[in-house]
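Peer 1: Okay, here's what each chain looks like letter by letter:
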Amino acid sequence: MSWQSFWIIFAITVGCNLLCRLTPMLALSGQRMGEHITRALSYIPTAAFAALVMSDLFNPAALSLGLWPFLRPAAAAIPVLLTARWTKSLGACILVGVGGYWLLTLL
Amino acid sequence: MERMQDHRARMGMAAAIPICVGYVPLGLACGIVAAKAGLNLLQVALLSVFLYAGSGQFMISSMFASGASPLSIGVSVAMVNMRHLLYGSALAKYFFGERRLHAALFAAELTDEAFGVNMGRFQQGNWTPHSARFANTTAHLTWILSNCLGVVVGGFLPLDTTIIGFSMTAIFICLLMMQKKTPDHLWSMGASALGVVTAKLMGWGQVAVLLGALLGVAAGMLAGEKRGKTR
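Protein chains in written order, with my numbering: chain A, 1 to 107; chain B, 108 to 338.
The hints are simulated quantities; they were obtained by calculation from the structure and are not laboratory data.
Some hints here could point you the wrong way.
[Claimed, not checked] Straight-line alpha carbon distances no greater than 30 Å define the calculated BS3-like cross-link-like pairs of lysine-lysine that follow: (1) B/K288 with B/K200; (2) B/K287 with A/K88; (3) B/K200 with A/K88; (4) B/K287 with B/K333; (5) A/K88 with B/K288; (6) B/K333 with B/K200; (7) B/K288 with B/K333; (8) B/K287 with B/K200.
Chain B with its partners taken away, still in its complex shape:
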């Protein structure tokens, strides 16, 4: 039994490797940017432990550096992170019967990338909440260490965040390609993409992902119901 748990833990850590590959340079860059904006090591560590949201942490640094008020920074970052509502909802069925504390610990460390990797593994089967928790914690620890190291080493590392950031885009593209390709899902994909473009053009970039994803879910549901009726 214990051997099985160890094996699942190792599987979880191995699954987190692609995330960590992106998190090390991004985390370093996030720490560097935060230090330049005026956050100290303890503040960066607290944010990376408890907030653990790359885009949110980058936003805090850039908005603070540009003179935004703490209240507006807090509200803007909170809005961007509302998309996390969807991730927990989609993964909840795999935690049926799990202890609530374990489910909560897993959910607290759920990022875009962790959601992607865990969802992909759960869909393929042979993936357990235990492995998923280890994958999340491995990625989280990597993020914390990279953030703190970024503050300490400061500007000594020449990092281009745009190029490094594309590693996360590559992960999302790969995970998108692994999804079902039924007509309903293609409708969902198209509507979601269109929703993001529209939201960004309207100047609602902060909630574009959430709005796009909600539109995608609605389009998938509608297409599915229509197909059911015509069958």
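This is chain A alone, in the form it adopts within the complex:
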């Protein structure tokens, strides 16, 4: 990649990324927030994790490869859900998730 192209990509992505990462923290960390804002913010973890999980499990582009490649992430998520429910351990979930996904690719 030429340095000219690189610097254009670098400036836009890093600039926007820092703005998105720093602005809310700097704007909100120094002050007490109203009840309404606090309540809205309390839903962010649940909503964000649900969105991230669904984004990883639902990939319409995989349908072009067949039904099984499309369903495989959801199938691999089931043992992870059970592990998370029982153990609440990130390490155990990673092991079960990656191991399960690998096994499912062999089918």
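Let chain A serve as the given structure and place chain B on it in line with the hints.
Peer 2: Quick look at chain B alone, frame taken from chain A:
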């Protein structure tokens, strides 16, 4: 006092281990893909230090390899990373009274996984901004080293990014299961998931997570207000 700080730093580094387990193979793969796309070691290092966004870095490589213009690559990656607006907002309350520089340093290293692990720990209690900064920096250093190593070793390592990438999904599932399960939160979860599916079906995959999460927050608020009125 100093011992306490050391203990908190160690706690932070230990908390980052599950993230690092996923970041080493993913970072290696990201470096390999970048090198194949034509980025050199210094360019990859600069991106991993200052951009530090896995999905964004993978996008840069794949879009550049497919001939996209630098401007369209920059704008697309910037759109994908807009979800970070939500993470800082949710974590800001734990940094009340902290020095702004410390809060900024923490926020600058906030990824999906770092947000998840830190939010989980803050919610459980016994977690400090100091530990959180160490967790973030440990994960960030792991990412930088893995990226650079990926460029150097090139295609010598047989890595399947789909299988390795599922370790991050497993982290998100575990953290989702740790969240509150009140009716409002279940509404929030459902709306968020539905929002992502709808956005992807509409062809707005790049902003699906942000749109889904915003819809989830709105649904949680509405359900909470409705429940308050009927109580």
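Peer 1: Can you list which hints this structure breaks, lowest number first?
Peer 2: none
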